[in-house]
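*Asks:* Using the hints, position chain B against chain A.
Number of protein chains: 2
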Amino acid sequence: MTELFNALALDEARAALSRHLPEKRPGERVSILDSLGRCLALDVKAAGDVPGFDRSTVDGFAVRARDTYGATESMPSYVDVGGEVLMKQAPPGRVDVGQAWRIPTGGMLPPGADAVVMVEYTEALDKGTIGITSPVAPGENIVRRGEDAALGQVALPAGHRIRPHDLGMLSAIGVTEVEVGIRTMVGIISTGDELVGPDQNPAPGQVRDINSYVLYGAVAACGGEPRLYGIVGDNYEKLARTLEQALEENGMVLLSGGSSVGTRDVASRVIESLGEPGVLFHGISIKPGKPAIGAVVKKKPVFGLPGHPVSATVVFDLLVAPLIREGGYPEGGIKAKMEFPLLAKITRNLRSAAGREDFVPVKVSVGKEGTLFADPVLGKSGLISTVVKADGIARIPSGKEGVATGETVEIKLF
Amino acid sequence: MTELFNALALDEARAALSRHLPEKRPGERVSILDSLGRCLALDVKAAGDVPGFDRSTVDGFAVRARDTYGATESMPSYVDVGGEVLMKQAPPGRVDVGQAWRIPTGGMLPPGADAVVMVEYTEALDKGTIGITSPVAPGENIVRRGEDAALGQVALPAGHRIRPHDLGMLSAIGVTEVEVGIRTMVGIISTGDELVGPDQNPAPGQVRDINSYVLYGAVAACGGEPRLYGIVGDNYEKLARTLEQALEENGMVLLSGGSSVGTRDVASRVIESLGEPGVLFHGISIKPGKPAIGAVVKKKPVFGLPGHPVSATVVFDLLVAPLIREGGYPEGGIKAKMEFPLLAKITRNLRSAAGREDFVPVKVSVGKEGTLFADPVLGKSGLISTVVKADGIARIPSGKEGVATGETVEIKLF
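Chains as they are written, first to last, in our numbering: chain A, 1 to 414; chain B, 1 to 414.
Bound conformation, chain A alone:
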C-alpha cells in the first residue's frame, strides 16, 4: 500500500491532515490562574467599562482645564480649593468654575473637572486657595472611563495565547475563568527494536532511546500532555495493540521510529492497517524528515516520525507542533502566526535540491545593526548532539538549489 503514496509537499501534507481533522475541538473552563500559555476558545469581551470612572493618574488637583490656561510660574492662575476626593469614594460634589479639588492618584474625577494638575505645579496661597503654575489640557493626567477596556469590546480574541499581561487584563474586566482549548494528550510509542530505556545499559548493538524523550519534551513545550508507552520492538501484534490503546487514551499518537528496516516496516504496516481514512501521506519532500508518515484515524492524528533526532525534530516542528498548540483553535499573535519568524544571514554555502524544502540546525548570533547570523551546525542528523548544539533551525525554500554565504534565510529559534 505504501507504493500508493508519493512524497507530498509540506503544504499538501498539512492540507491532507486538515481535511480529515475536526475544525474545532472541545474547550474547557479554567481559572485565569491556570490559563497561562493556553489558547482562548472564545472571544473575551468586557462586561463593563474599565476603569468604571474617569481616574486621576497623578496626585494633584482636579480642575476645569480652561481655568489653567495661561498660567505660569510668575503669573499663576489662582483657584479656590472646593473639596477633596478620597480614595475609593465617589466625590461628594462637583468642580465649579474657578475651583480645584484635591485628588490622589487613582482617585475618581469629580463631575465638572476635565483635567488634573500635578501637585508639583501648584503652590498653596492660603488654606482655601492655590496657585497653578503650569496649564493643563482637557484630559491631561486622566485615564478615561473605558479607556483600558470598553463595555462590549473584545478584550482578548479567540485563539489568543494567554501571556502574563493578559491575566491582568482578564482580572481588570472581572473575568476569573476562561474557556480554553483542551490540552492535547499525546501518546508516544517508541518502535526501535535495538533500543533500551535510559535506565538500562545497552548491550553490544543496542543504544538508548533518544527520540521518545525529545518528543516528550517537545510535546510538553508546546502545551500538550505527553505520555510514554515504552519501547515496542518489531512485533506487529504488540505494536498494533499498543497503538490501539494509545489511540483510545489520547488525542494524538506519535510513533517514534527505530532506525532498523524491520522496525520501520512494522511501524508503517501497523499505521497503514488503521481504519479510515488511515494513512494520508508516506513521505514529504523535505530534508531531513522525508520518511515521515501522517495518518488520521477516529478523527485523531497519528504520525510515524523518522528515527534520526534531527529529522524527528524537523517533522515535529512543521507538522505536529501546530496541531498541539492550536488545540483546534486558530492562533493569534505575531510569533504564533509566523513559523519562521526571523531572518538571518547564513555563514556558509549550503546545497539543496530544487523541489525540496531543506532545514538546517543553526547556531544564531547577533551582529552589529541587529543582523542575525545563522551558522549551520555541521553534524550528522543521526546525532542528538547536533540539535543540542543548535539554537534554532534555518529553512531553505523548495524553489532554491542552495544558499550562498551571506544570503538571507528564514529561521526559527528553539
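In case anyone wonders, no lab produced these hints; they're calculated from the structure.
The C-beta atom is built at its ideal place from N, Cα and C for all residues, glycine as well.
There's no promise every hint is true.
Said to hold, decoys possible - To give a feel for the contact side, a few chain B residues facing chain A, derived at Cβ under 7 Å: (1) A172; (2) V207; (3) P309.
*Replies:* This is chain B only, laid out in the frame that chain A set:
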C-alpha cells in the same frame, strides 16, 4: 529613612541585590521527565561513550574503504559478501580485505570495516558477491563510538536551561534524574487600598486589582511558583503581618503597589522596617519604574513594585525575573545571556533623558531582508491595555537623549 536612598542606576541596583543574596541556592533532584525548563545545578557528564560502538547510519554493506576506491558504475569494485550484521547483536566476525558485510541502519560496524556503502550503490552479482558502483571514504555513513557524547565529557553544563532536545541527550547518556535549582516560591501581596478582586464589582472609586495577576503570570512564566496573599489596604499592622507570613513561606516577596499615596507610604514604611540589611534602594534611574524598592531580609529579596502595569512589568523583567530564572545558578544559552537579545529599527522619534534608561512597549514586525521594526505602543503607562497590545519592550540606553526614527534599538519579546 526614604530620604537616605537616591535613585540607583540599574547596574548598581543589581549589584546591591547580588551582594546580599546567597550565591547558590539549594538544588533538588527531579526525573528528567519533570526537568523541562529547569536550570541544571551541576555539570552533567557522560558516564560512557554514546553510541557505545561504531554504528552504520544507512542500510548497506560494511567495507574497508580502500577496497572501494576507483569504483564506478561502469567499473564496479567486486567484493565477497563475508557475513551479515543483525540489529542489537555484536557482529559474529571481522571484515577481511576484499569483503563486505551486510549491515542495517543502526547496526554495529564489524571489526576490520571502516565505512559503509549504501545499498543503492551496490549490485548483486551472485549470492556471494556484490559490485560496488561508488567509492566511500573511511568513516563514511558511520557514527563513531562516542561521537554523540564521549565518556567523561560534559554533555550539558551547570546553569543550562533544559530544552526538549536535552531530554534526548540525557536519555542517551543514561541519566534519568538531574540536579536542578529549586523553583523559587514567590509571595505576591497587593497593597492597593482602592483595589478589589476580579470576582468583585468595583464600587465608585474602586478598581479591580490588575498587577497581582500580571505578576502571578510573570512569575510562573519564568519558572517560579507564585502565591497570591490577597489585597491589603493601607493598614500598617496588617501589611506587616502579611509580609512576615509571606517571607516565612516563600523565597521572595513582591509588594504590588497601589496607586494612592497612603498605600505607597505604608508599603515603603513596612519594607523599610524589615531586618538587616533591609532596603537597598528606593528608586532606580529608569523610566518607567523609577519608584521601585529593593530590599533583602533573611537572605530573601523583597521588592516594592510600582502601581502602573507598564512600570511594574519593566521592573519585574529587569530585576525580579533574572533572580527567579536563575534559581541561584548561572544561566546558559544565547537567549538567556542576552536580556535584550534582538535589535530593531524604531518607527518614530522618542525622547529620553540622559542619565536614565528608558523602556518602551513596542509592536514588532519583520521587514524585508530580516530587519525588525519596533513600533512604540503609545498608551498611558497606567493602562494594562498598553502592554497587552505590545509584543515586547525596547530599551533606550542612559547615555542617549532619545532616538530618531530609523535608529536601531535593543528589544526583547514578551
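*Asks:* Does each hint hold? Answer for all of them.
*Replies:* Evaluation of the provided hints:
1. A172: holds, 5 Å
2. V207: Holds: closest Cβ of chain A sits about 5 Å from V207(B), inside 7 Å.
3. P309: holds, 6 Å
Going down the numbered hints, you'll see the structure goes against none, and every one checks out.
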